[in-house]
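> Sequence:
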Amino acid sequence: MQIYADNAATTKMSEAAIEAMTDCMRNWYGNPSSLYTIGQRAKEKLEEAREEIAALINAEPREIIFTSGGSEADNQALLTAAINGKKKGKTHIISSAFEHHAILHTLNKLEQNGFEVTLLPVHENGIVRLDELEAAIREDTCLVTIMTANNEIGTIQPIAQIGEICRKHGVVFHTDAVQAVGHLPIDVKAQNIDMLSASAHKFHGPKGVGFLYFRKGIILQNLIEGGAQERGKRAGTENLPGITAMTVALRKAVQSMDKNNAHMTEIRDYLINGLSEIPHSALNGDKNHRLAGNINFSFEGIEGESILILLDQKGISASSGSACTSGALDPSHVLLSIGRIHDVAHGSLRLSIGEDITKKEADYIIDSVKEVVAHLRSFSPVWRDLTEGKKEFILK
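Residue numbers (this note's numbering): 1 to 396.
In case anyone wonders, no lab produced these hints; they're calculated from the structure.
Computed from a predicted model, the values in this text were never measured in an experiment.
A portion of the hints provided could be inaccurate.
Unchecked claim - DSSO-like mimics (lysine-lysine), calculated; alpha carbons at most 27 Å apart, straight line:
#1 K207 / K109
#2 K168 / K88
#3 K396 / K287
To be verified - FRET-style restraints, in silico, Cβ to Cβ:
#4 G236 / K314: 40 to 50 Å
#5 G39 / E225: 21 to 31 Å
#6 E124 / Q40: 53 to 63 Å
Where is the CB? At the ideal position from N, CA and C, for every residue including glycine.
Just need the whole structure built from these sequences, with the hints factored in.
Written out as structure tokens, the structure reads:
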């Protein structure tokens with residue numbers, strides 16, 4: 001049996017997106033910046049996509065620029081808020097301790113250039129507390145950037161309330177919504193969002209394309225200089241086939257969101273209940289306020305990398321952390337941020353299921369994980385020390 005359970009890393013392109021992409025390559029191949037008819041037809045296609053993407057998140061077309069993905073959009077959003085804030089003497093930024101590295105690494109660079117960064121704790125349940133956020137806002141705060149849903153443990157933040165607090169204090173609010181767009185309802189106006197990042201390959205679109213929403217009135221700072229594409233805010237000929245496919249994928253994802261989430265939530269909870277039967281294991285993140293397809297567990301006494309190798313041999317594709325840091329020896333910064341100690345964080349497993357998951361496949365996953373964990377513990381010196389009382393169990 002082959003089961004793909006790493007949809008948080010990337011999703012399989014939908015047939016509709018593939019068809020739209022190939023059709024665009026064949027019939028809409030002109031450069032949208034060209035003045036002749038073929039180019040102008042491509043320009044019309046580009047603007048149709050912009051209009052639909054905007055409508056799907058309740059934005060205006062002029063508030064959308066297309067990017068190469070979520071990381072680029074994150075970088076441009078943070079750079080924009082930082083430069084605009086500095087012009088007003090505001091150099092303080094608030095974020096959380098378990099953001100994606102596209103955010104954290106950009107914040108590190110901004111710190112090297114004179115900005116001060118406050119990283120809010122996310123506590124054991126992986127959720128930012130609103131009172132701590134509001135208390136952290138200062139007169140010189142230029143930006144709050146909090147992800148909508150975490151890429152590793154799937155916890156969903158109270159985005160509308162965070163946006164409301166930021167709006168009250170006159171602070172720009174950006175959210176990395178890469179894991180959320182196409183999976184959670186997004187309304188940038190109702191949720192008080194000033195800037196938002198998204199990536200197509202997280203909702204069955206192609207890799208290498210995404211978008212940045214920026215509220216009208218925000219002066220967007222350029223990350224890529226060159227031509228006048230995207231109203232001069234993002235140089236480079238637009239990836240029209242990718243943009244077209246992304247639009248189709250997002251439309252389908254939004255249309256089927258309720259049905260898909262209901263099914264995945266049922267299977268997710270079934271998997272959580274089954275894996276909870278493994279002794280000395282723990283679910284990471286809030287049990288209820290999490291993405292419908294996310295299951296993240298820690299198993300004491302073993303290494304996450306070993307779990308992945310053995311599960312792969314059984315036909316199950318999973319992850320022990322975010323795909324962007326796979327191969328690193330350090331434990332997940334996300335798990336450390338919710339209080340997991342290094343030894344426990346190392347033994348983590350992330351399953352991110354898709355809407356096509358079946359109950360039969362869920363049973364196979366549960367049985368396989370139980371078997372793999374038992375096997376690895378059978379020759380683990382750490383597990384031996386724990387069971388012989390030489391060490392105390394952390395996960396009761």
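> Looking at the structure, which of the earlier hints fail to hold?
Nothing - there is no hint that the structure violates, so all of them hold.
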